[in-house]
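A.B. asks: Protein chains in written order, with our numbering: chain H, 1 to 173; chain L, 1 to 131.
Hints in this document: simulated from the structure, not taken from any laboratory. Please note: incorrect hints may appear among the correct ones.
To be verified - Pairs of lysine-lysine, DSS-like flavour, derived with a Cα cap of 25 Å: (1) K60/H x K75/L; (2) K83/H x K140/H; (3) K52/H x K114/L; (4) K34/H x K140/H; (5) K34/H x K114/L; (6) K137/H x K108/L; (7) K75/L x K170/H; (8) K103/L x K60/H; (9) K105/H x K103/L; (10) K144/H x K90/L; (11) K68/H x K114/L; (12) K41/H x K90/L; (13) K144/H x K60/H; (14) K146/H x K114/L; (15) K41/H x K161/H; (16) K105/H x K108/L; (17) K59/L x K52/H; (18) K114/L x K161/H; (19) K90/L x K87/H; (20) K103/L x K48/H; (21) K48/H x K35/H; (22) K68/H x K103/L; (23) K105/H x K75/L.
Stated by the list, open to error - Among chain H residues calculated to face chain L with C-beta under 10 Å, some are: (24) R3; (25) I6; (26) I16; (27) C17; (28) A32; (29) E42; (30) D50; (31) L84; (32) V95; (33) E120; (34) K146; (35) R156; (36) H162.
C-beta: ideal position from N, C-alpha, C; glycine also.
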Amino acid sequence: MTRRNIFFYYSIFLSICLVLAGLTMVFPVEAANKKREDLIKERCETIKDDLKNVQREDAKVRVHLGSKYEIILNRFIMPLNVKLVEKNMSNADLVENQNNFVEAKTTFSNDYIVYQQQLEELVAMDCKAEPGQFYEKLIKVRQKRKTMEQDTMLLRNLISKHIRLVTRLKEKI
Amino acid sequence: MDEEKPKFRIREGSRNLLVLGLASILVALATTGVSLAIYHGSGDIYLDRSRPGFLPDEKEIEDDNNDEEEYDFSKTGDLTSESLGEYLEKIGAEVEEIDEYEKPFDTKVLSDEKFGISTDDTDGSDDSSDD
Numbered sequence: 001m002t003r004r005n006i007f008f009y010y011s012i013f014l015s016i017c018l019v020l021a022g023l024t025m026v027f028p029v030e031a032a033n034k035k036r037e038d039l040i041k042e043r044c045e046t047i048k049d050d051l052k053n054v055q056r057e058d059a060k061v062r063v064h065l066g067s068k069y070e071i072i073l074n075r076f077i078m079p080l081n082v083k084l085v086e087k088n089m090s091n092a093d094l095v096e097n098q099n100n101f102v103e104a105k106t107t108f109s110n111d112y113i114v115y116q117q118q119l120e121e122l123v124a125m126d127c128k129a130e131p132g133q134f135y136e137k138l139i140k141v142r143q144k145r146k147t148m149e150q151d152t153m154l155l156r157n158l159i160s161k162h163i164r165l166v167t168r169l170k171e172k173i
Numbered sequence: 001m002d003e004e005k006p007k008f009r010i011r012e013g014s015r016n017l018l019v020l021g022l023a024s025i026l027v028a029l030a031t032t033g034v035s036l037a038i039y040h041g042s043g044d045i046y047l048d049r050s051r052p053g054f055l056p057d058e059k060e061i062e063d064d065n066n067d068e069e070e071y072d073f074s075k076t077g078d079l080t081s082e083s084l085g086e087y088l089e090k091i092g093a094e095v096e097e098i099d100e101y102e103k104p105f106d107t108k109v110l111s112d113e114k115f116g117i118s119t120d121d122t123d124g125s126d127d128s129s130d131d
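Same shape as in the complex, but just chain L (with noise of 0.2 Å):
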C-alpha cells in the first residue's frame, strides 16, 4: 500500500495538469467568442479595412502618409473676415474630397439590370449574351 502512494500523487497531478489546460482552454475560447461578438454586433468588423480582401489600395496608403499640415480652426484668437476666408476655403477642400465620390450608396448598384437578373426580355437577352 505504501509503494502505491507516490504513484497516486504523480496521477493526481497529471489530472489537475489536464484539468487546468482544459479550462485554459475553455476560458481563452469563452473570452474570444465573447470579443468576436463584441466586435461583430457593435459594428467595427464593417469598418476594419485590415480584413482580407478588404485592405487599403495604394492611392488609400498613399494618402495617409501625406505629412500636409492638417488645418484646425482655432478656438481662440480674433474672428476676422480673413479667418473666415481661410476657414472657407479649407472646408471647401474636404468637400471636395466628400464629392469625389458622385452618388454614394448608388441604388444602381444593386438593381436587377446590374446582376442582370432583369426579367425586361432586352436586358435578359443582353445580359445572357454576355456570360
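Just chain H, same shape as in the assembly (with noise of 0.2 Å):
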C-alpha cells in the first residue's frame, strides 16, 4: 500500500465519520422539532388561552408601573432638580439621572407598543396549521418581553440610584 493510498483511504473514512457525526447532531433536532409542533397542536387553545391572559396581565403591568414612572418623573424627580437650579445648588449626577430616566421611560414605552404588536399577531396565527412558524414568533415575542424586562429593570435601578444620590444630598446639608 503506498503512502497515497493510506491517505486517500484515511480521508474516505474521516468524510464518513464526519458525516455520521452530523447526522447524529441532525436527527435528534429535527425529532425534537416535531415533537415541539405535535404538541402545539395539540394545545393550541390552551396556549391561546394562556397568551391571551398574558395580554391581559401585561396591560395592568403596563398601566400600573407607567403611572408610577410619571408620578416619580413629574412629582419628585423633576420638581427636585428645578429647586436645586433656583438655588444654584445644582447637581450634576442628579440631572445626568433625570435625562436618562426620561430616556428609559421613552424606551419602555416604545417597547411595549412594539412587544404588544408582536404578541398580538402570536395570538392571531393558526398554531394548529402552522406549528412551525407559531414557534418561531414566538420566540421572537420572547425576546421582545425580555426587553421589556430589562427596560423594568433599568427603570428600578435609576430610581434607586436618584434616591441614594438624594440620601447623599440631604446628609450634606
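Make one complex out of these two single chains by using the hints.
C.D. replies: Below, the structure is given as C-alpha cells:
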C-alpha cells in the first residue's frame, strides 16, 4: 500500500465519520422540533388562552408601572432638580440621572408597543396549521419580553440611584 | 311632456338623497377607519383598559378611588434636611408600589415549560398528563 493510498482511504474514513457525526446531531434536533410541533398542535387552544391571559396581565402591569414612573418623574425627580437649580445647588449627577430616566421611560413605552404588536400577531396565528412558524414567532415575542424586563430593571435601578443621590444630598445639608 | 317634468324632479331629488346618504356613510367609514388606524398604530389600544377583557379589577378601582392627598414636591421654598426626609419617605412609598410586581415582564411566562411544549421528556410527560 502506497502512502498515497493510505491517505486516500484515511480521507474517505474521515469523511464518513464527519457525515455520521452530522447526522447524529441533526436527527435529534429534527425529532425534537417535530415533537414540539405536535405538542403545539395538540395544545393550541390552551396556549392561545394562556397568551390572552398574558396580554391582559401585561396591560395591567404596563398601566401600573407607567403611572408610577410618571409620578416619580413629574412629582419627585423634576421638581427637585428645578429647586436645586433655583437655589444654585444644581447637582450634575441628579440631572444626568433625570435625563437617563426620561430616555429609559420613553424606551419602555416604545418597546411595549412593539412587544404587544408582536404578541397580538402571535395570538392571531393559526398554531394548528403552522406550528413551526408559530414557535418561531413565540421566540421573537420572548426576546421582546426580555427587552421589556430589562427596561423595567433599568428604570428601577435609576430610581434607586436617584434615592441614593438624594440621601447623600440630605446628609450634606 | 309637461306632465312628466315633476316626476323627473322627484326622481332627481331622491337620487340626490341617496347619493348624500351613501357619501355620508363613506365619509363616516373613512374617518372611523383612520381613527382606528391611529388608535392602533400609536399603541393607545394596548393601554386602553376599557376594552372587553381588559377591564380593571375591583382592587384597582378601589385604588383609583382612593382620595388620599397626593404628594407633590414643591419647586419653591427652602430646601431643608426635613423636606428631603419627607421627600425620601414619599418616594419610598411609590417605590414600594412599583415593587409589588416582583418580576415585571418575567420571560418564564412565555417559556416552553409554561405552555407544556417542552421537548424535555420529563416536562412533556407531566404537562400532557395534566390535560
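A.B. asks: It remains to establish, for every hint, whether it holds in the given structure.
C.D. replies: Consistency of the hints with the structure:
1. K60/H x K75/L: The given pair, whose Cα atoms are some 32 Å apart, is violated under the 25 Å limit.
2. K83/H x K140/H: Status violated; Cα separation ~44 Å.
3. K52/H x K114/L: Holds. K52/H to K114/L sits at ~14 Å (cutoff 25 Å).
4. K34/H x K140/H: holds, 19 Å
5. K34/H x K114/L: Holds. K34/H to K114/L sits at ~19 Å (cutoff 25 Å).
6. K137/H x K108/L: Measuring from Cα to Cα gives roughly 16 Å; hence the hint holds.
7. K75/L x K170/H: Holds, at roughly 16 Å.
8. K103/L x K60/H: holds, 14 Å
9. K105/H x K103/L: This hinted pair holds, its Cα atoms lying about 17 Å apart.
10. K144/H x K90/L: violated, 33 Å
11. K68/H x K114/L: Violated, because 29 Å separates the two Cα atoms, which is more than 25 Å.
12. K41/H x K90/L: violated, 51 Å
13. K144/H x K60/H: holds, 18 Å
14. K146/H x K114/L: Distance ~16 Å between K146/H and K114/L Cα, so the pair holds.
15. K41/H x K161/H: Judged against 25 Å, a Cα distance of about 47 Å means the pair is violated.
16. K105/H x K108/L: holds, 23 Å
17. K59/L x K52/H: holds, 21 Å
18. K114/L x K161/H: Violated, at about 34 Å.
19. K90/L x K87/H: Given pair K90/L, K87/H holds - Cα atoms ~22 Å apart, limit 25 Å.
20. K103/L x K48/H: holds, 22 Å
21. K48/H x K35/H: holds, 19 Å
22. K68/H x K103/L: holds, 16 Å
23. K105/H x K75/L: holds, 22 Å
24. R3: Nearest chain L Cβ about 48 Å off; hint violated.
25. I6: Constraint on I6/H not satisfied, violated at 43 Å.
26. I16: With a minimum Cβ separation of about 29 Å from chain L (threshold 10 Å), the hint on I16/H is violated.
27. C17: violated, 27 Å
28. A32: Hint holds; A32/H Cβ to chain L Cβ min 4 Å, cut 10 Å.
29. E42: holds, 8 Å
30. D50: holds, 6 Å
31. L84: Because about 7 Å separates L84/H from the closest Cβ in chain L, which is inside the 10 Å limit, the hint holds.
32. V95: violated, 15 Å
33. E120: At 8 Å from the nearest chain L Cβ, E120/H passes the 10 Å test, so the hint holds.
34. K146: Holds. Min distance 5 Å.
35. R156: With a closest approach of 7 Å, the R156/H hint holds.
36. H162: Result: holds, 8 Å to nearest chain L Cβ.
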